[in-house]
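Visitor: Chain by chain, the residues run as shown.
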Amino acid sequence: MVSNNNFQPEQSLPELTPDLFAKADSLDVQDNEKITAPSLSFMQDSWRRLKKNKVAMVSMVLLIIITLLSIFAPVIAPHSPNAQIIEHANLPPKIPGLDISGLNGTVNQNGIRLDKYEQTGVESDVYYYLGTDSLGRDLLSRILYGTRVSLFIAFVAALLNLIIGVTYGLLSGWIGGKTDNVMQRILEILSGVPNLVIVILMLLVFDPGIMSIIIALALTEWISMARIVRAQTLKLKNQEYVLAAKTLGQSSLSIAFKHIMPNLLGIIIIQVMFSIPSAIFFEAFLSFIGIGIPAPDASLGTLINDGYKTFRFLPHLMWYPSAVMSIIMISFNLLADGLRDSFDPKLRD
Amino acid sequence: MKSYTKYLGKRVLYMILTLFLIASITFFLMKLLPGTPYSNQDKLSEEQIFIMNEKYGLNEPIIVQYGIYLLGLVTGDLGTSFQFNNTPVAELLSSRIAPSAQIGIQAVVVGTILGIVLGVISAMKQGTWVDTTATLTAILGRSIPNFVFAVLLQLIFGVWLGWFPIALWSGFASSILPSIALAISPLADSARFMRTEMVDVLSSDYVELAKAKGLSKWEVAFKHGIRNALIPLVTLLGPMAVALMTGSMVVENIFAIPGIGEQFVKSILTNDYPTIMGVTMLYSLLLVSVILLVDVLYGIIDPRIRVATEGGE
Amino acid sequence: MENILEVKDLHISFDTYAGQVRAIRGVNFDLKPGETLAIVGESGSGKSVTSRSIMRLLASNANVDNGEILFKGEDLVKKSEKEMQKIRGSEIAMIFQDPMTSLNPTQKIGKQIAEPIIKHQAVSKEEAYKKAEELLRLVGIPNPEKRMKQYPHQFSGGQRQRIVIAIALGCNPDILIADEPTTALDVTIQAQILELMKELQHKIKTSIIFITHDLGVVANVADRVAVMYAGKFVEVGTVDEIFYNPQHPYTWGLLSSMPTLETSGYLYAIPGTPPDLLNPPKGDAFAPRSEYALKVDTMYEPPLFKVSDTHFAATWLLHPDAPKVTPPAEIVARQSGFRTKQLQIQPSDDLSQMSGQDLEGPQDKNNLSVDELTTDRDGKGEANEPRY
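From first to last, the protein sequence lines stand for chains A, B and C.
398 is the number of the first residue of the first sequence in our numbering; add one for each residue after it.
197 is the number of the first residue of the second sequence in our numbering; add one for each residue after it.
5 is the number of the first residue of the third sequence in our numbering; add one for each residue after it.
Among these hints, one or two may not hold up.
Straight-line Cα separation of at most 30 Å, DSSO-like style, residue types lysine-lysine; simulated pairs [as the list claims (entries may be wrong)]:
id, chain 1, residue 1, chain 2, residue 2
1, A, Lys451, B, Lys321
2, B, Lys321, C, Lys90
3, C, Lys115, B, Lys321
4, C, Lys286, B, Lys321
Output of the computed footprint for chain A on chain B, the stretches with three or more beta carbons under 8 Å from beta carbons of chain A [said to hold, decoys possible]:
id, region
5, 205-213
6, 347-359
7, 472-481
Since the hints were made in silico from the structure, they are not lab data.
Cβ coordinates follow ideal geometry from the N, Cα and C atoms, glycine included.
With the rest of the complex left out, here is chain A:
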C-alpha cells in the first residue's frame, strides 16, 4: 500500500547467492569507531563558529585596521597633531582630486560657495583632509593620535583589569572556605561604590593624565571580572572531571592550569572584549565632562568635547571623531557578541 519512496533510489534487487551467507570477516566490516564528523578542540570549534559570523569577522578586520592605523599614526599622520597654525584655523575638509562641495575646501556663505583655503591664503598644495580646528591643527592627524591614546588607555586598563580580576577571582574561588568568604565580603562592599565616584575622586587627587585615567579605570573595572571568574571557578571546581583529576593524584596547581584555566578562557576573553569598549567610553565620558586628558594631548573624547563647543558652526569637528569612536565601539561590541556566541557550548550545532 505504501509505494516505495523516491527519497532513496530503488536499490537493485540483491542477487542473493549462498556464499553471501558465509560469516563476514573483519575486512568486510566497516569500522564503526571511525568518527566521520571532524573532531574539533574547544578553541577550534569556537573559531569555526566565529568565522561563520560575518558581522564579527568584519568587526575584527575593522578593529585590526584601526589599531594598526593608530599604532603607525606618527608615520601616517599628514601633519603634526599639536602644531598650531593660527592662520589655518577652522578650515573645512579638502581632499586632493575631489571636487565635491564639503570636501573641496569650500564653505557655503549666504548661498555662495567660497573657497576658504584661497580666502585665508593657504598654499595650494596644502590639504587638510578633514579640515582644521580653531587653533589650526589638522583634524585627521589629531584623530589618528587621539585614537591611539584612547585605544592605549582601553587596552592597558583592560589588561590590568584582567590581571587583577582573574587573580582575585581565581584565588577566591579556588581556595574557597574562609578566604573566599572574606574576599567575597570585600567585593560586596566595593561593588556598592559607584565607579564613577571613585574615578572622579582619583582624577581630582592625582594629576590628570593618561596614567591616572588608566589606574582609575583599572581600579574600578576589575570587580565584575573577579566575580565572574570566581563563580565559574567554583562551578568548575565541583565538576566530575576535576574530581577525577584529583582522584588520579594530580596536584592542585596542575588541575588549576590544565582543567580550570582552559575552561575559564572563553568567559575571560568575552569579559575583556566587553571591558575594552566600556573603558573607551568611560575615558571619553571623563574627557567630555572636562576632567580627561589635559591639552594639548587629545583622546577621541577630548576631540569630541572640543568639537561640541563649536558644533553649531563647525559640526565636522565633532562628527568625525564621534564617527570614529562609534565605529570602534560598535566593532568591539559586535566582536564581543560574536565571541560570546561562539564560546557558548549551548549554541553548538
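With the hints as your guide, set chains B and C onto chain A.
Guide: Only chains B and C this time, still in chain A's reference frame:
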C-alpha cells in the same frame, strides 16, 4: 521568613558599611588635595583664611573634622558649599533632585519597557530580519556614546526641526529629548538581556511541555516565557542606576538641566569639595539602595525564594 | 480494531554543520487503541526523535524527508501548526524525561495542570481547576486542594513526575507518549511511577508509546516492544516474543547485557559503538558490532522477516539460506522457555519486493492481532512474567 529577614538584615549592614567606607574614602581623599579650597585665594590674607577655616571647621585636627563630618552625614548635614556662599550642600542638592529624578525615571521606564518588547520579539523571531534589526538597534544604542547621541538629538529635533526646546528647563516638553537620550542605554541593555534570557527560557523543558500541551508559540511566550525571563532582569537595575548617573551628567550638561549631574560637573570644575562629597554620598546611597531593592524584589517575584522562606515545611 | 496511529516509512534527518544526520531511516509501526508499545534502544538510536515527530515537536533543523504519520487516518506530517496545536495536549499528550525541569518553576501547579484543559475543552476556569484537583488525586498526590496552590520546587521528583502525568491526562488523550518517564528517577520511585501508569491505563484506556532504554522497564509495562537501532526498527514483537524468542543479534545483545538472577561471572556488553548516522553504513547497521555478521550484511540492508504474525526481525539470519547460528547461551535458555506454536521462519514477503527498505504491505494488517496473544498472556498470569 526568618532566614530571609536575616539575609536582608545582613544586606542592610553591608550597605551601611559600604556607605561608611565611601564617606571615609571621600573625606580623606579630599583632605589630600593640595591648597585651600577657596577660589579667590590670592586676595585673601592669612587672617581671612584663618577665619574662613574656622568657619568651615578646617582648623580642627583631621580626626575631629572626620568625626564632625560623619556625624553631619547621619543627620543629613552635608556641609556648606564653597562656591555658593553659605548655601548648605543639602539644600543646594535637594533643589536639584526633582529635574534629575524626572528625566531619570522617564528614561528608565520608557527605555526598559521598549527594551523588553524588543528583546522578546527578537528572541521569538530568532534569526529573522526582525531579530537582526532589534539586535542592531540594541548594539547601536550601547555603542554610540550618549553624549554623541544627545547632541544628535538636540541638533535634529531642537535645532533643525525646532520641535523641542534646545537648552531650557521648562516642564515636560523640555524633558523629552534628554529622557530619550538617557533612555538609550537602559533600552539597549534590557533588550540584550531580555533576548538572552528569553532564548534560554524558550529552550527549557517546561516550555517544551507547554508546547506539548498544545499552546501556540506566543501563548507559550506570554504564559511561561516572559515572566520567567523577566525575573533576572531585576538584576539589571544596579548597572542601570550607574549608567543613569554618568548619563545624567552628560545629558544635563548638554540640555542645560538644573539637576544633580550638572551640579556635580560644575563642582568638579570649580573644586567645590563639600558639594562633590555630597553628590558622591548621594550617588552611593542611590546605588546601594538599588542593590538592596534588587534583593528585596527578587525575593518577592521569585516564588522559589519567596515560598521557601514563608512556609515552615 | 482500527489502528489509532500508523507510522509509515518515516525518514527524518537533521541539518548540522558536518552534514545531514539521518536520524530516522524508514520506521514503520502502528498502535492500537489501549495498547502499550515500548520503543527500546540506546541513546541516539532515534527513539526520542520518532516520538517527537508524532507530536511535531522536532528542532528547527529537523526535516521529515519522507513518510506518513497517520493519526485516526489523517497525516500529521501534513497538518498545519494550528491544527497540530489542537491535537497536542488533547488527543496526543506527552510526558518528558526530567520532571525536575519540565514544570514551570514560577507557576502554581494547579494552574499548570488546568492549562491544557482550559485550552482544549469548553469548560469554565472553576471546572478546569476542579478537574485538575481530581487529576492530582488520581495520580496519587495527597491533599490535592492544598497542593494545587504550591510551586514545583515544593514537590519531590517522583511527585513532580506524577504532576506531569496529571497534565498529560488532562484531556483524556488517545495516545500518551512517555519519553523515558522514569529515567531520571530513583529505582524505588521508578517502580511507583510505572505502577501508576499501568493503573491509569486500566482506568483511562489510552494508548501508550513508551520510550526507554531500559528493557527491565519494558517487561513491566508494554504489550508490544520495538527494538530500535540506528534509526530503524530491527525487531518488533510482543513482550513475550522479544524477551523469550528474540531473533535479532542486537536484541540478543541487549538481553544478554541485562543482569538476571541467574547471571554469574561477567555481564555481557555489546562491543563497539553505534554507527555515525552522518554516514550510515552500507548494509546492516549493526553488522560491525555483531559476531554473527554475514557477508550479505555488509552489502544489503536486511528486510523485516516475519517470525510470527506479530513478530518481525530485520536480520539476514532469518533468511532460508542463512547458516544456523547458535545464539548466546543466555538467549538459548530464554528461547527454550518460550512456549508457542512451532517457530516458522519465513521471509515476510516475496523476496522480489525486498528493496533494502522495511517491507510494508499486507503483513501490516497482521500486526494488529495481538488480541489473542494478550489474552494468552493474561491466562498465563504470573508464570510468564519475564525473569530478570
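Visitor: None of the hints should be skipped; say for each whether it holds.
Guide: Hints and how they fare:
1. A C-alpha spacing of about 20 Å is found between Lys451 (chain A) and Lys321 (chain B), which places the hinted pair at or below 30 Å, so the restraint holds.
2. Proposed proximity of Lys321 (chain B) and Lys90 (chain C) is supported: the alpha carbons are some 23 Å apart, at most 30 Å.
3. As the CA atoms of Lys115 (chain C) and Lys321 (chain B) are separated by approximately 27 Å, the hinted pair is consistent with the 30 Å bound.
4. Among the hinted pairs, Lys286 (chain C) with Lys321 (chain B) is inconsistent with the structure: their alpha-carbon atoms are about 40 Å apart, more than 30 Å.
5. With 3 residues having a Cβ less than 8 Å from any Cβ of chain A, the region 205-213 of chain B passes the three-residue criterion, so the hint holds.
6. Check on the region 347-359 of chain B: 3 of its residues sit with their Cβ under 8 Å from a Cβ of chain A, so the three-residue criterion for coverage holds.
7. Given a C-beta distance limit of less than 8 Å, the hint that chain A covers the region 472-481 of chain B holds, as 4 residues qualify and 3 suffice.
Going down the numbered hints, you'll see the structure goes against just number 4.
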